[in-house]
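Chain by chain, the residues run as shown.
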Amino acid sequence: MSLSSFLKSKLVPASLDEKVNRIRKPIGSLGYDPWGYNNEAIKVGYSLTQQLYEKYFRVEAEGVDKVPAEGPVLIVANHSGQLPLDGLLIGYALASRENKPRMPRAMIERFFPTVPYLGNLLNEMGAVLGDPINCAKMLANNEAVVVFPEGIRGSGKLYKDRYQLKRFGNGFMHLAMKYKAPIVPVGVVGCEETIPAIANFKPLAHALGLPYVPIALPVVFPAKVHLNFGDPMMFDDTDITEDQIAERVEQVKASISALIDKGLNDRKRLF
Amino acid sequence: MDQARRPRILVTGAAGALAQQVISRLRKDCDLVAVDFREQVYLGDEIPSYCIDFNKRGFEDLFRRYEFDGVIHMGRIMSSQETRMRRYNANVLGTQRMLDLSHKYGITRVVILSTYHVYGAVAYNPALIEEDAPLKAVGLSMDLIDSVELENLANIYLWRYPDLNITILRPCNIVGPGVRNSISTLLSSERAPVLAGFSPMMQFIHIDDMADAIVLAYQKDHKGIYNVAPEDWVAYQHALKLCGCKRLPIPSVPPLVPKLILKTLGLRSFPPYLLSFFKYPVVIDGRAFARAFDFKPKRPLKAIFRFYRENKKPI
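Residue numbers (this note's numbering), protein chains in the order written: chain P, 1 to 271; chain G, 272 to 586.
Don't read these hints as lab results, they were simulated from the structure. Predicted model only: the values in this text are computed from it and were never measured. Fair warning: there could be bad hints in the mix.
Covered stretches of chain G (in silico footprint by chain P; criterion: 3 or more residues with CB under 8 Å from a CB of chain P, positions within the stretch not fixed) [to be verified]:
1. 354 to 367
2. 497 to 507
3. 549 to 555
4. 564 to 576
Cut-off 20 Å, straight-line C-alpha distance, at most; resulting in silico cross-link-like pairs (DMTMM-like, lysine to aspartate or glutamate) [what the hints assert, rightly or not]:
5. P/Lys25 with G/Glu581
6. G/Lys494 with G/Glu581
7. G/Lys512 with G/Glu581
8. P/Lys25 with G/Glu502
9. G/Lys573 with P/Glu40
10. G/Lys512 with P/Glu40
11. P/Lys137 with G/Glu402
12. P/Lys137 with G/Asp556
No residue lacks a Cβ here, since even glycine has one placed at the ideal position from N, Cα and C.
Work out the full structure, taking the sequences as your base and the hints as a guide.
Structure, rendered in structure tokens:
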């Protein structure tokens with residue numbers, strides 16, 4: 001028995017198998033889609049993430065039903081915590097919801113595809129190289145796409161800057177408008193505390209070709225994570241200037257900021 | 272003489288398995304002339320067959336003698352064959368000569384078989400690459416220059432001589448019985464090298480489907496550039512598994528290591544300049560061709576891989 005089938009037999013109960021199969025995906029005859037998503041791998045990933053989500057980070061997700069059950073949608077969130085855990089947890093929240101679950105796709109950093117094993121693993125779990133063409137094709141495919149417009153500016157943030165939103169890119173707004181996709185803002189609270197970094201070791205990052213190398217303890221703390229999903233925001237597809245686009249981006253940023261504040265207020269303690 | 276003259280077509284690359292499939296589909300309704308730079312193939316008494324270099328003067332005599340209506344150019348030397356110089360001469364200069372002659376002798380339909388390799392396997396490739404994407408292959412390796420140049424040339428002729436009605440096809444990996452390209456050799460071998468930790472998404476098209484596509488492309492008059500690929504995808508290592516190949520992992524980082532190893536090994540089926548195609552995906556979007564030519568591949572991936580699993584032979 002190969003390692004993958006062994007893992008699957010240990011981790012994936014029949015009910016989960018059926019549950020994932022029920023979430024319809026545009027995949028080919030061997031379970032893959034063009035971006036490398038794999039229906040079998042996702043079952044193992046789902047099962048492992050379940051442990052992280054429920055036991056380790058004890059995630060509380062509020063308003064996950066606000067994400068439309070079908071059609072293209074952009075889930076826009078604040079990025080934090082060095083590793084893309086926030087994307088994983090948002091994805092799981094949506095995939096595990098009672099009512100019409102969806103398997104969202106996350107746009108990831110450009111350096112991931114160059115990392116052996118990890119790049120492929122992320123692809124199989126539905127993560128996709130953060131390229132505007134990819135995002136556009138996915139929205140055209142009626143996918144739910146998780147985007148972090150802060151990019152590495154957000155995930156590489158230091159602990160002293162926690163919960164301060166960095167500059168948002170405008171790309172997601174262009175795509176949302178073009179594909180008439182609603183934007184669901186999400187405020188993530190707790191991921192900042194999972195890997196608190198005090199500095200970024202830039203020379204080493206440069207030498208290794210990484211976006212950043214955080215100086216932090218080599219542990220992921222079990223901080224309690226709150227996900228707050230906001231109401232979907234629709235933006236019409238009128239021909240407007242880049243400044244007006246930036247204003248719309250600011251609206252999304254403001255609502256994410258409000259959702260973060262809500263999460264921080266609701267949070268009783270760090271762990 | 273004959274009231275309705277049968278279309279007369281020059282088919283290049285006739286020694287290849289794909290060309291022979293195309294010939295067998297067209298021979299009933301068309302008069303064919305087969306040429307190949309490698310060998311003279313016997314295709315029956317009614318099909319004249321020549322072993323000829325496009326750059327030789329005798330090539331023009333074929334155009335004079337047979338008064339072709341169309342050309343199906345499948346005679347591109349693959350990047351795993353011959354030397355760089357010879358490939359450049361045959362693929363770029365030879366194709367230019369062929370197109371010049373086609374123009375001179377009033378040919379009205381040209382189908383050119385290119386390859387998806389021209390897009391180049393780059394880490395930042397989006398999936399479902401469309402025909403207007405930049406051709407990045409030249410940035411990766413000198414060995415793919417002739418493939419890209421051939422396309423550039425065909426493109427120039429496409430605009431300069433609209434009467435030639437040039438259609439360029441960029442297929443994904445062509446596989447199946449008789450195919451001798453590098454990917455088919457890998458799938459049919461007992462053991463195939465893989466880059467440790469990399470299993471890019473790939474697309475495969477069965478040789479019979481590809482032959483159907485070429486015949487369709489010839490018959491329906493839509494000039495332009497088209498990707499040809501089915502809407503089905505599989506990771507390279509998974510494909511090997513389904514073909515019953517044992518995987519031989521080659522260390523993949525730092526990037527210099529696999530290059531050195533492959534250079535030392537000198538495998539024809541896994542050459543160093545195709546390295547990046549086993550590392551990063553080049554997933555093309557074949558929907559424009561499917562729409563324009565009403566094309567639907569009939570052979571599923573599972574059947575393709577079953578063929579390789581049941582017909583194992585050592586490298």
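Right, here's what the structure says about each hint:
Given a C-beta distance limit of less than 8 Å, the hint that chain P covers the stretch 354 to 367 of chain G is violated, as 0 residues qualify and 3 are needed. Only when three residues or more bring their CB closer than 8 Å to a CB of chain P does the claim for the stretch 497 to 507 of chain G stand; here the count is 5, and the claim holds. Check on the stretch 549 to 555 of chain G: 3 of its residues sit with their Cβ under 8 Å from a Cβ of chain P, so the three-residue criterion for coverage holds. Given a C-beta distance limit of less than 8 Å, the hint that chain P covers the stretch 564 to 576 of chain G holds, as 3 residues qualify and 3 suffice.
At most 20 Å may separate the alpha-carbon atoms for a hinted pair to count; P/Lys25 and G/Glu581 exceed this at roughly 31 Å. Using a Cα cut-off of 20 Å, the hinted pair G/Lys494 and G/Glu581 is violated, with the two alpha carbons roughly 39 Å apart. For the suggested pair G/Lys512 and G/Glu581, the alpha carbons sit about 13 Å apart, so the restraint of at most 20 Å is met. For a cut-off of 20 Å, the pair hint linking P/Lys25 to G/Glu502 stands: about 14 Å separates their Cα positions.
Distance check on the hinted pair: G/Lys573 and P/Glu40 sit about 17 Å apart at the alpha-carbon level, within 20 Å; holds. Straight-line distance between C-alpha atoms of G/Lys512 and P/Glu40 comes to about 15 Å, which keeps the hinted pair within the 20 Å bound. For the hint linking P/Lys137 to G/Glu402, the alpha-carbon distance of about 15 Å falls within 20 Å, and the restraint holds. Only pairs whose Cα atoms come within 20 Å are accepted, and P/Lys137 paired with G/Asp556 is accepted, the gap being roughly 11 Å.
The structure does not agree with the numbered hints 1, 5, 6 stated previously, though it agrees with the rest.
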